[in-house]
Structures are given as C-alpha cells and as structure tokens.
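A.B. asks: Residues per chain are reported as follows:
Protein chains: 6
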Amino acid sequence: MTWLETLITKGPQEGYDLAIKLSRMAVKLTQPDEHVREKLRLDYVNNADSLTLASQVVAVNFQTIAQANNYWR
Amino acid sequence: MTWLETLITKGPQEGYDLAIKLSRMAVKLTQPDEHVREKLRLDYVNNADSLTLASQVVAVNFQTIAQANNYWR
Amino acid sequence: MTWLETLITKGPQEGYDLAIKLSRMAVKLTQPDEHVREKLRLDYVNNADSLTLASQVVAVNFQTIAQANNYWR
Amino acid sequence: MTWLETLITKGPQEGYDLAIKLSRMAVKLTQPDEHVREKLRLDYVNNADSLTLASQVVAVNFQTIAQANNYWR
Amino acid sequence: MTWLETLITKGPQEGYDLAIKLSRMAVKLTQPDEHVREKLRLDYVNNADSLTLASQVVAVNFQTIAQANNYWR
Amino acid sequence: MTWLETLITKGPQEGYDLAIKLSRMAVKLTQPDEHVREKLRLDYVNNADSLTLASQVVAVNFQTIAQANNYWR
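Residue numbers (numbering that gives the first Met the number 0), protein chains in the order written: chain S, 0 to 72; chain A, 0 to 72; chain L, 0 to 72; chain F, 0 to 72; chain U, 0 to 72; chain X, 0 to 72.
So that you can see chain S by itself, here it is in the shape it has in the complex:
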C-alpha cells in the first residue's frame, strides 16, 4: 500500500495534516489491529498527558515536513 508519496505540500496547514498522518502511521504499523487501536484511542483522547505526548510527535514530524518544503517561504 502506498501512503506516502511526497513530503511536499501546498502550504503549512496541509503540511501539518501530513505531520498528523505520519504520527498516526507509526502507531498503525506497530498495532495493525484497528479494533485495539480504537479502544486505545478512547484512553488517550481523554488523558491530558497522552494528548501532549502525541502533540510532541506531531511537532517533530511537522519540523521535518517544514524543512522539506523550505518552510513554505
């Protein structure tokens, strides 16, 4: 399955969406069972620190994508 063809996006907001996609894909590839993931999702979307940890992953991926796009300057 092809899910990541390029890091280049039209603008920063699309780049941010891609950062979220990249962050979730690591989880998906580690825990392929959608049913389990759905159950775990209920845990972490109701826990402040879990959400902050997830934001941290998005931030690192967004940095990579921003670099790839020369910061959409």
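In short, the hints are calculated from the structure, not lab data.
Errors might be hidden in some of the hints.
The list cannot tell twin chains apart, which means a pair is met if one copy fits it or any two copies do.
As the list claims (entries may be wrong) - Below 25 Å or equal to it, Euclidean Cα-Cα: the simulated SDA-like pairs (lysine to any residue) are: (1) Lys38 with Tyr70; (2) Lys38 with Gln12; (3) Lys27 with Thr1; (4) Lys20 with Thr8; (5) Lys38 with Gln62; (6) Lys9 with Thr29; (7) Lys38 with Trp2; (8) Lys9 with Asn45; (9) Lys27 with Trp71; (10) Lys20 with Val44.
Starting from the known structure of chain S, fit chains A, L, F, U and X onto it as the hints suggest.
C.D. replies: Showing chains A, L, F, U and X alone in chain S's frame:
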C-alpha cells in the same frame, strides 16, 4: 477551516505565540470535543510535569518557526 | 551482521520503513533475547502511551533519514 | 507585554539564560495564576525527574538560540 | 580516559554503534558504579517503555553522528 | 558568575563533557540548594529511567555543541 497560512511572523514573540497555537492544534484535532478539552485542561494546568511536557512541544514548534523566519536576524 | 548499509531510500515511504527499522534495532541491540522482546511487545502494543513513545522515536529517525535524502525533493 | 524582542545574545551564557526564560514562558502563558505556579514549583524543584524534564525543554530552546547566534563562533 | 576521538565513521552501521556508545556513556558518567548499573540494566531491559526511552536517546545521538558524516552520502 | 564562555571545544570528548555541564546547569539554576540537589541525585542515579531521561538531555545538548564545532571534522 484555514488556521495556518504561513510560518512567517513579524518577530520572535509572535513566533512564540504561533508555536503555542501549533502545539494546541494537535490536541484540538485529536480531541475535537471542546467540553472534554476544557476538563482535561483543568488537570494539566495544575500539574507541574504536565506543564513541562507542554513546554517541550512548544519548544520544538518554536524551533521550526524560528528556522522558517531565519531566526528574525 | 550487516543491517544498515545506507540511509538513502527510493522515496519517503521506504524512508519511513527504514526509520521504523532503526527504532527497533536499538531495542534489539539492548535486549537481544527475542523471547523477552516478544513478551514486552505484547505490553506496549496494547498501551496508548507506549505506542506514542515509540512513534516519537520513529519521528526522530525519520527526520534524520529525510535529511539524508534531501527530503526526496 | 513585550518579553521577547530578539534571539540574539552577547554570548552563550546569556543565550542559556534566554533559553530558561523561553522555557518558563510556555508555563506562564498556560498557567497564568502566579499563586498556582508557585505551588507547583515547590513540587517539581524537589523531584529529580521533574527537573530533568525541565532541563530537556531548556536544551531544545538553547539549541534554537545557539543556531540563531551562529553558535557565537 | 579517551573514549571519543571522532564522530566520523566508515558507514551508517558503525555510526549507529557509536550512537549507542554515546547514549550509554552519559549513564556511565552519571552512575560510575558498574555494580549498580548492572542491577539497573536488569530493570530496564525487561520493561518496554524503558527500552523505548533508551531508543529515543540513541535516535538523537544517531542524528548528530549522521550529520557529522554528511549522512554517508 | 561566568560558567559558559564558548561552545567551541578541542574535540568531541571535551564537547561531550560540556554537554553534561550544560545539562546539569539547568537543574542547578532551577534548584539552587546544593543540599536538596545532592539528595535528589541519590534518587535518580539509582533509577534506570531517570538516568535515561538525563541521557536524553545530554544528547540534545551534545547535538548543539557538535553543530557549533562543525562536528570537529
């Protein structure tokens, strides 16, 4: 909804504000229920480690924005 | 054993796969016992924060690989 | 209130002080109540892992500031 | 004792080995007692999150070494 | 008190020592009471995850110092 048009800001302080916005947006997109977010907010703003974790996300996003702005040199 | 000959990949998705491989290799080299690793795997693939922590490692490794490949631009 | 006019500092030590200021500002903007912050401070300055987590934020901010200053070379 | 003469390695795999060495050295310099370290090692090699945390340190050090080697391109 | 005059070091090992110094300084400036720090030190040098967390801070600071020194190439 357009919420991120550019990473370019007038100065470092506006860049810092944008870093905070980016950090919160990841949480917002993961937990869209404002009512739940408000409840979680009460947890983490009263916990030292939660606040430090949140600062870490801001720091990574601020680094990205500072790079985008050539550090406002 | 040779397991890492180059950081250069055909595209970003292969780069992402390599990032996952790098992330797991650190664990493998620290805990060489496959039996123990398999048991630990059952723990962390059923815990949301463990999966997020693992995503964080993948994100850092992916950033390195993306830089190596000049972001596949 | 203007609190961040530039990332440029005279030398690395002033850069380190600014990194600490940036790190604390994220907390301040998230928890504006000084009384609560003072109480939380008593918690984390007496906990080794809390102090290490705070050092991590300072390290990321210091990296940004060092880049901005071309490492004071 | 000299233990780090250069960040330059023959290839990425040797770079990865050096990243592991750097990661362990911080622990060694903080806890010089080999006996204690051996006991702690038994804890963390049997805990999934501890292994992931350790992978994170390796990932950051590997990024530094990859940059030093111009990604072995 | 002047404690950081330059990020430039003779070689990578001196750079690593400086990275450790930077990491400890954030703790020192946050918890100035040496007596408390000594007590906390006993906690974290006997805990595997605390040592790993501390290594993470050293790794980020070492990356900054390595960049400053053009990786001692």
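A.B. asks: Work down the list of hints and note, for each, if the structure agrees.
C.D. replies: Hint check results:
Within a single copy, Lys38 and Tyr70 get their C-alpha atoms no closer than 36 Å, and across copies no closer than 34 Å, so neither meets the 25 Å cut-off. For the homomeric pair Lys38 and Gln12, neither the shortest alpha-carbon distance inside one copy (28 Å) nor that between copies (27 Å) is at most 25 Å. For the identical chains of this complex, Lys27 and Thr1 are intra-copy neighbours only, at 14 Å inside a copy versus 27 Å across copies, given an alpha-carbon limit of 25 Å. For the homomeric pair Lys20 and Thr8, the shortest alpha-carbon distances inside one copy (13 Å) and between copies (20 Å) are both at most 25 Å.
Neither within a single protomer nor between protomers do Lys38 and Gln62 lie at most 25 Å apart by alpha-carbon distance, with minima of 29 Å and 29 Å respectively. Taking the shortest Cα distances, Lys9 and Thr29 sit within 25 Å of each other only across copies (22 Å), while inside one copy they are farther apart (29 Å). Proximity of Lys38 and Trp2 under a CA criterion of 25 Å is satisfied intra-copy only: 24 Å inside one chain copy versus 30 Å between copies. Neither within a single protomer nor between protomers do Lys9 and Asn45 lie at most 25 Å apart by alpha-carbon distance, with minima of 32 Å and 36 Å respectively.
Only between protomers do Lys27 and Trp71 lie at most 25 Å apart by alpha-carbon distance; the minimum there is 23 Å, versus 29 Å within a single protomer. Taking CA atoms no more than 25 Å apart as the test, Lys20 paired with Val44 passes in both settings, with 16 Å inside one copy and 19 Å between copies.
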